[in-house]
Amino acid sequence: MRGLEFLVFLLLPLAVLGVWVVYPILATVVLSFTTSSGFSLGSHIAVVTERSPLKALIYPEPGPYPPWGALIHNALWIAIGLPLVVFLGVVLAYLLREAYGSGAVRSVIFLGMVLPGVVSGLTIRFMFDADIGIFPKLFSLLGIQELAKTWTIYPQTALLALILGSVWLWLGFSVTIFSAGLDAIPKSTIEAAIIDGASPVQIFFKVILPQLKPVTLVVTLMTIMWILKIFDIVYVATGGGPGGSSTVLALIMYTYFASALEYHKAAAVATILALLTLIPAGLYIKSVLAGEK
Amino acid sequence: MRRTVSARRVLVSTALLVFAALWALPFIGLVVTSLKPYSEVILHGWWSMGGTYSLKNYIEALQSPFYNLMAGFRNSFIVATASTFIPVLLASLLAYSLSYLDFKGKTTLFVSILFMMSVPQQMVVIPLYMLYAKIGLLDKLLGLILLHSAWGVPWITFFMRNYLKMIPSSLVESARVDGASETTILMRILIPVITPAVIAASAIQFTWVWGDFFYAMVFLASPDNWVITQRIALLKGEYHIDWGLLSAGAILALIPPLVIYTAFRKYYVRGFAGWALKG
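So the protein sequences, as listed, match chains Y and A.
Be aware that the first sequence starts at 1, since it is given in UniProt numbering, and climbs by one per residue.
Be aware that the second sequence starts at 1, since it is given in UniProt numbering, and climbs by one per residue.
Don't read these hints as lab results, they were simulated from the structure.
Please read these numbers as outputs of a predicted model, since none were measured by experiment.
Think of the CB as a built atom: it goes at the ideal place given N, C-alpha and C, for glycine as much as any other residue.
Please note that a few of the clues may not be correct.
Simulated restraints on C-beta separations [to be verified]: (1) Y:Leu289 <-> A:Phe19: 34 to 40 Å; (2) A:Arg176 <-> Y:Leu12: 18 to 24 Å; (3) A:Asp139 <-> Y:Phe6: 32 to 38 Å; (4) A:Met130 <-> Y:Leu278: 22 to 28 Å; (5) A:Arg9 <-> Y:Asp183: 14 to 20 Å; (6) Y:Pro83 <-> A:Pro65: 46 to 52 Å; (7) A:Met130 <-> Y:Leu217: 37 to 43 Å.
Calculated lysine-lysine pairs in the DSS-like style (CA-CA distance at most 30 Å, straight line) [said to hold, decoys possible]: (8) Y:Lys206 <-> Y:Lys286; (9) Y:Lys187 <-> Y:Lys213; (10) A:Lys165 <-> Y:Lys286; (11) A:Lys56 <-> Y:Lys149; (12) A:Lys165 <-> Y:Lys213; (13) Y:Lys187 <-> Y:Lys286; (14) A:Lys104 <-> A:Lys165; (15) A:Lys165 <-> Y:Lys187.
Reference listing, derived: stretches of chain A covered by chain Y, where coverage requires no fewer than 3 residues with Cβ under 8 Å from a Cβ of chain Y [to be verified]: (16) 27 to 41; (17) 87 to 95; (18) 138 to 149; (19) 207 to 219.
Just chain Y, with the same shape it has in the complex:
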């Protein structure tokens, strides 16, 4: 192959990636492990043991409700959000296959994927607003006064509002991927089950779900990665508040970076976040490479 083309086709994109992706990633890692006097674990130790609820990754004096620390909040987000996203996604994708007007339903569900994060955050704030939001109104009608207020400004409910809002946003991803997965299932396996007299529910659990395993893995890993990195909607809807009760890792990183100008600590939080992301990312890459063969 000719030299000039090699240069343009391969080296040009790689140079761009080198300067704007590879170099800053490595530099962030280095920054997180150094101080002015050389190698140090100080920044990592400092951010992990930080006690202020606004910056804590794990809050040392947890009460019955948040703040529990950004790391715990992210974990809780995964624990509540992920099952909802997967369950609703697979059920809806299955039901949509045979439904009339499925295009319109899909478009509505997918809308959340198109919203800019800032608009999403505002919408979450809006739907949980005491005066004009649906959720507080609903609970007010049901007579549950504790939940008939603006969710995003109380520590008991702020994080939960964000988690539920994120399910609203991300469900479109899950439904889309599960639909693609369902389309790839050979019709013959379902027809055979129908001939054998299986009910639709049996078909769903015995024939379809087992074949959706690889797709479920992708949805799970992608959702975990998305939740770990979540920033915009938190920043706009609650700002991590009140009193640090809805902070997340990415927000803590920004707090160190922008408010405190503590670059080493910000780098340490970013590195911790990246390391956590590596777990689902590694599994995802493994599944991609397995599909290559």
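Chain Y is already provided as a structure; the job is to place chain A on it using the hints.
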């Protein structure tokens, strides 16, 4: 088979439509609120569909020199358009290299690209902030464009490569036998075939860059350079929220990605599936 399940089908469809209506409620609420005086919304709620409708909130949001949404729109358009063209071009080259060129370390490169796809944005901003401060790219749209462009390359490369894999390699081989250069093969033969992939990648990349808030907040300090997402965040205010104004601004900011999604819906949705699943 279809005849026997048709009652069930109607039932399922109705249930799904009700679900979709409920799912759309927050969004409908935002639209209605943006079209009414906020005093009315507070008093009667947006769900009481009667009352006055007007574009007053929109006009106010657009005209206010303090919020200056127009400047935000202009900056967002510049950033999102440039940050779509550049990475799509670079990623086409790289995807082509990965698919049809022979060089050492190809698998390593492919795995590295997959890793880059999953790195959090937070992982690159501090060194780039320092670098930009030194070379004068801080608080410049160009700095943000270059970062967005580079950041788009890994996922678009992966996406395009998946698409190229479906094209029979005989197409490229026969062109090579005919003496076509790599540039000719890519531009004249492959790009026309993979146009759907180019559209899908462009549409998704544009939407993502348009929606970005984190990078913009880190790198664009002066209000003149702010993109629309930063403007909308400012619109919220610290304590009192004027939802009329805010919802109008939010809807305005959402229109460009919504138009793109609507126009390229098929490519867009398929693109998402192709991005997450292989091939």
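So, going through the hints one by one against the coordinates:
no., hint, in the structure
1, Y:Leu289 <-> A:Phe19: 34 to 40 Å, "holds, 37 Å"
2, A:Arg176 <-> Y:Leu12: 18 to 24 Å, "holds, 21 Å"
3, A:Asp139 <-> Y:Phe6: 32 to 38 Å, "holds, 36 Å"
4, A:Met130 <-> Y:Leu278: 22 to 28 Å, "holds, 24 Å"
5, A:Arg9 <-> Y:Asp183: 14 to 20 Å, "holds, 18 Å"
6, Y:Pro83 <-> A:Pro65: 46 to 52 Å, "holds, 48 Å"
7, A:Met130 <-> Y:Leu217: 37 to 43 Å, "holds, 38 Å"
8, Y:Lys206 <-> Y:Lys286, "holds, 27 Å"
9, Y:Lys187 <-> Y:Lys213, "holds, 17 Å"
10, A:Lys165 <-> Y:Lys286, "holds, 19 Å"
11, A:Lys56 <-> Y:Lys149, "holds, 29 Å"
12, A:Lys165 <-> Y:Lys213, "holds, 24 Å"
13, Y:Lys187 <-> Y:Lys286, "holds, 28 Å"
14, A:Lys104 <-> A:Lys165, "holds, 19 Å"
15, A:Lys165 <-> Y:Lys187, "holds, 25 Å"
16, 27 to 41, "holds (count 5)"
17, 87 to 95, "holds (count 4)"
18, 138 to 149, "holds (count 3)"
19, 207 to 219, "holds (count 8)"
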